[in-house]
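Student: Chain by chain, the residues:
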Amino acid sequence: MDWIEITTVAVDSIRANKLRSFLTTLGVVIGVCSVILLVSIGEGMRAYLTDIFAGMGSNLLFVVPGKRDTKGGGRALNTVRRLTLDDARAIRQRSQSVVGLASRVVGGGTVEHESLSRDTLVMGTDEEFLEVHNMRLASGRFFRREDVEGKHRMVVIGQTVADELFGSHSPLGQSVKVSSARFRVVGLMESKGQSLGFDYDDMVFIPVSCALDLFHQEGLSAISAKAANQTNLEPAIEDIKRILTRRHNGREDFTVVSQADMLDTVNKLTHTMTLVLLGIASISLLVGGIGIMNIMLVSVRERTREIGVRKAVGARRRDILFQFLMESVAISMLGGAIGLGLGTLVAHAISSIEPDIPTRVTLWAVSLAFGFSFAVGVFFGVAPARKAAALDPIAALRYE
Amino acid sequence: MIEIEDVTKVYHMGSSEVHALRGVSLDVNKSDYLAIVGPSGSGKSTLMNIIGCLDTPTSGTYRLDGQTVSSLGDDALASIRNRKIGFVFQTFNLLPRQTALENVALPLLYAGIGRRERRRLANEALERVELGDRAQHKPTELSGGQRQRVAIARALVNQPSILLADEPTGNLDQKVGGEIINLFERLNRSEGVTLVLVTHDHQIASAAHRQVEIIDGRIVSDRSR
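Protein chains in written order, with my numbering: chain A, 1 to 400; chain B, 1 to 225.
Since the hints were made in silico from the structure, they are not lab data. Treat the hints loosely; a few may be bogus.
[Said to hold, decoys possible] Going by beta-carbon spacing under 7 Å, a handful of chain B positions derived as facing chain A:
id : residue
1  : Y11
2  : L95
3  : R210
[Unchecked claim] In silico DMTMM-like pairs for lysine to aspartate or glutamate, Cα to Cα no more than 20 Å straight-line:
id : chain 1 : residue 1 : chain 2 : residue 2
4  : A       : K387      : B       : E213
5  : A       : K387      : B       : D75
6  : B       : K138      : A       : D12
7  : B       : K138      : A       : E5
8  : A       : K387      : B       : D74
The beta carbon of each residue, even a glycine, is placed where N, CA and C say it ideally should be.
With the hints as constraints, model all of the structure from the sequences given.
Tutor: Shown next as structure tokens:
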């Protein structure tokens with residue numbers, strides 16, 4: 001069988017009915033486009049989050065107040081014991097597996113310098129924050145343990161805050177007001193950009209002791225703990241649970257979250273989203289397939305005479321079968337190609353308009369798209385092609 | 001070459017039976033020029049379909065080049081049509097989107113002949129009907145007579161045993177029709193092509209060397225000139 005000839009005939013036939021062929025492909029175009037979009041957004045999300053977690057420093061654990069239990073069951077809010085600086089200190093002293101620890105209190109605040117001011121996020125933390133969270137200073141210094149313990153009013157500011165308040169001047173040594181309290185700028189953070197909805201550049205850092213006073217708080221928002229390595233993660237979780245439960249009168253009223261847990265949650269989420277969108281995609285591929293079948297039946301009818309001629313000069317059943325099958329596959333693959341192009345375009349457009357939604361068109365998505373459109377072409381092309389192949393040559397030749 | 005023995009063909013139209021052929025026997029030799037004539041509904045189209053291996057008889061035997069073809073399946077018949085029979089139709093039946101050359105090459109495609117060889121043979125066949133210069137034209141760019149000559153080239157391209165023509169001049173005016181008949185005459189005399197012509201037109205039939213008249217499913221006369 002001459003596949004080049006069969007392909008040529010199929011392409012000719014599609015070109016002879018350009019508008020009709022284009023409209024027929026639309027269902028597949030939309031189906032494949034949504035497959036590409038959903039897969040590339042899902043893949044992009046996953047890659048993005050993995051990157052962020054890696055950037056935050058792996059082997060990181062978060063302790064947050066309150067028990068989040070997947071088993072459900074309500075709890076009264078006021079029974080939650082706060083996480084305190086003493087809790088943090090206890091973990092630091094007693095756990096062998098935890099090598100770094102940062103207490104955190106987060107609140108909103110206005111930072112002022114002379115006539116300029118900026119509303120920003122104020123993070124109260126301690127001396128190990130940089131090391132635990134894999135962050136670096138651009139200049140100056142971070143606060144030390146004695147600064148935290150002595151409630152020294154010093155602040156380390158992010159790049160955006162520095163640009164807004166100081167422009168091109170150096171902020172080091174300058175005096176600023178954080179929520180009306182006077183602080184001295186001792187350091188400037190290296191630019192880190194946004195991740196997980198946090199803009200680390202639009203933030204200021206003060207000693208956690210000062211932050212608790214400033215926000216009139218007694219409890220921490222969270223404690224970040226760093227394990228020495230991957231194998232120490234589980235022992236670290238066990239340590240933290242044991243130490244805090246004892247301190248909290250035997251109740252586990254806090255939650256230890258590892259990055260693996262967070263990644264798991266995100267993966268489950270994207271997995272669900274993928275399934276939903278795959279459902280939508282399959283429906284449009286089904287509709288597209290029916291459209292192709294419909295138009296192929298019309299095409300067989302229109303070309304009854306041609307089929308008669310081909311049979312008269314010696315075409316066997318399978319010659320006719322493959323010719324029409326090739327045509328439906330070609331229409332479907334054309335739709336697949338258009339859908340792939342469109343999907344890629346939209347994916348890039350989404351990424352450039354909204355950088356928070358990263359997309360990534362993978363080889364897997366491309367082969368999935370072409371696989372789908374090929375399967376649709378074959379599946380919905382078989383019935384019309386068989387009908388064409390089974391035509392009686394005499395009746396076909398007489399067909400008007 | 002063609003040996004038809006006591007062939008009948010019965011069609012079932014609902015509950016009634018139509019006897020299209022009621023026992024036809026006919027021998028055609030190599031390089032014969034035969035016309036089958038008869039009024040419409042006489043069974044001549046049915047006979048032509050059977051000779052052309054488009055249809056099989058209800059009873060009786062048909063041997064073509066010594067091979068019994070009356071009991072073959074669809075694909076085997078397709079293969080015989082491809083190798084041994086060239087069809088010329090009243091309405092030309094060219095594929096409108098393909099060039100003259102591609103139309104002529106069509107039987108070679110199904111014979112499994114390679115691309116380059118197909119082009120060469122199709123060009124040769126077009127030369128034989130004096131249309132070598134129209135190879136790249138589409139059927140719509142050709143006159144009626146030229147289209148029928150393309151169809152004849154297509155019928156000849158596989159070197160068939162028989163050229164089977166069904167009312168080949170029916171859609172042409174008298175002058176162009178005459179040219180087609182002259183072409184048949186030439187192909188038969190100088191190249192020894194076996195011709196079976198089906199027509200209701202006695203004037204066209206008179207050009208053939210042998211006339212077989214069929215009425216009501218039976219051969220009523222068989223005259224050689």
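Student: Hints first: check each against the structure and report whether it holds.
Tutor: How the hints compare with the structure:
no.: 1; hint: Y11; verdict: violated, 11 Å
no.: 2; hint: L95; verdict: holds, 6 Å
no.: 3; hint: R210; verdict: violated, 25 Å
no.: 4; hint: A:K387 - B:E213; verdict: violated, 38 Å
no.: 5; hint: A:K387 - B:D75; verdict: holds, 16 Å
no.: 6; hint: B:K138 - A:D12; verdict: holds, 14 Å
no.: 7; hint: B:K138 - A:E5; verdict: holds, 18 Å
no.: 8; hint: A:K387 - B:D74; verdict: holds, 15 Å
Violated hints, listed in ascending order, are 1, 3, 4; each of the other numbered hints is respected by the structure.
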